[in-house]
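S.K.: Spelled out, the chains give:
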Amino acid sequence: RKEVEQDPGPFNVPEGATVAFNCTYSNSASQSFFWYRQDCRKEPKLLMSVYSSGNEDGRFTAQLNRASQYISLLIRDSKLSDSATYLCVVNGAAGNKLTFGGGTRVLVKP
Amino acid sequence: EPEVTQTPSHQVTQMGQEVILRCVPISNHLYFYWYRQILGQKVEFLVSFYNNEISEKSEIFDDQFSVERPDGSNFTLKIRSTKLEDSAMYFCASLRRDMNTEAFFGQGTRLTVV
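Top to bottom, those sequences are chains P and G.
Residue -9 in our numbering sits at position 6 of the first sequence; the count goes up by one each step and never skips.
Residue 161 in our numbering sits at position 84 of the second sequence; the count goes up by one each step and never skips.
Honestly, the hints are just simulated from the structure, not real lab data.
For glycine and all other residues, C-beta sits at the position ideal for the given N, C-alpha and C.
Hints may contain errors.
What the hints assert, rightly or not - To be clear about the criterion: a stretch of chain P counts as covered by chain G if any three or more of its residues have a C-beta under 8 Å from a C-beta of chain G, and this derived list gives those stretches: (1) 11 to 21; (2) 28 to 41; (3) 85 to 91.
This is chain G alone, in the form it adopts within the complex (with noise of 0.2 Å):
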């Protein structure tokens, strides 16, 4: 079964670093979206992206953050300048066409800025 898959798992930064996370899609999806869920907190939106650019963000999604598809498969959420409060699990989805259709969701990179 196509899954989304997400690396890495954990990833451990100072704060003021820049992390990348990193994130492939299903294949055949066209719809792609990061959230992210604080310890003990509601899955919040960040970004979603469709045909190669950003079609809805945000308030959280400020201008330490942003998103590329580089390659036609890779899917990045870059952090500048990472806070301790970035500290997360940071979830990609994907959806094959529209909002109707369900979203499927990677296990998470869970980032923890020290």
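One chain only, chain P, in its complex shape (with noise of 0.2 Å):
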């Protein structure tokens, strides 16, 4: 089983509706969890930290379930710029360093 896994997609999203996607990952001992956003050609961007209680900020949700070893993230509303490929990030996965999931693509259409 991979360390940290995700959907590759892409899901292709009409402008202003919900998107909705997990990560999961194999190590129940992981620490912390990030959601970073990539664009083309360009560099991780974080996101939003991921706590334990779930956090909102703006139109992006993100949970964790540690009993089921995912994360997710939910958009809403979604707009053209949301168009990107989303990274999931574990602490822990794998030793003390900053894994990555290979990445979720979303496709936002008008």
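Each of the two chains sits in its own frame; use the hints to bring them together as a complex.
M.R.: Printed below as a string of structure tokens:
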């Protein structure tokens, strides 16, 4: 089983719709969790940290389910500018370092 | 807003040559990392650096690679005798405190080995 796994997509989303996707991790001792956004050929940029209680930042909501070992990201009222690859990043999935999932590609269309 | 800076943005080198990729982490950060991303693939961990020494390295980070923090501000990745398969985007990242804080990435160096 991969240390951090994501559905690669693409998720084709009509503008204004809601999209959600998950990321699973294999190591139950993983300590912290993040969602990053990566645009084509650019560096990953932090979207949000994921807390045990779940957290929301505007149109973005992140959840952590430790029992089932996954995190989720929900995007409401999708904008064209939300088109990107969303990277799940986990600390402690494999040693004391940040481990990246393969990314989920989201395409928001008019 | 403080940021991680990397130079050069693009490096083309001949197979077998040595390259040095440079990074200036955010000044009060303590942990430094190199990652790489081959085109179309996932971001892969290379090495982490803390307290002036390597704290962890991946299987990719073999004797061909080395890192240095020569002057307290720069953080460099040296690749000796480059191979075609070293062509990738190399990202430097820094963390303020520990792994529970978020990592900030530089804009990357695109390395092309010909």
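S.K.: Now tell me if each hint is right for this structure.
M.R.: Hints, one by one, checked against the model:
Judged by the Cβ-Cβ criterion of 8 Å, the region 11 to 21 of chain P is covered by chain G as claimed, because 3 of its residues qualify and three suffice. Residues of the region 28 to 41 of chain P lying with their CB closer than 8 Å to a CB of chain G number 5, which satisfies the three-residue condition for coverage. With a threshold of 8 Å between beta carbons, the proposed coverage of the region 85 to 91 of chain P by chain G holds, since 4 of its residues qualify and at least three are required.
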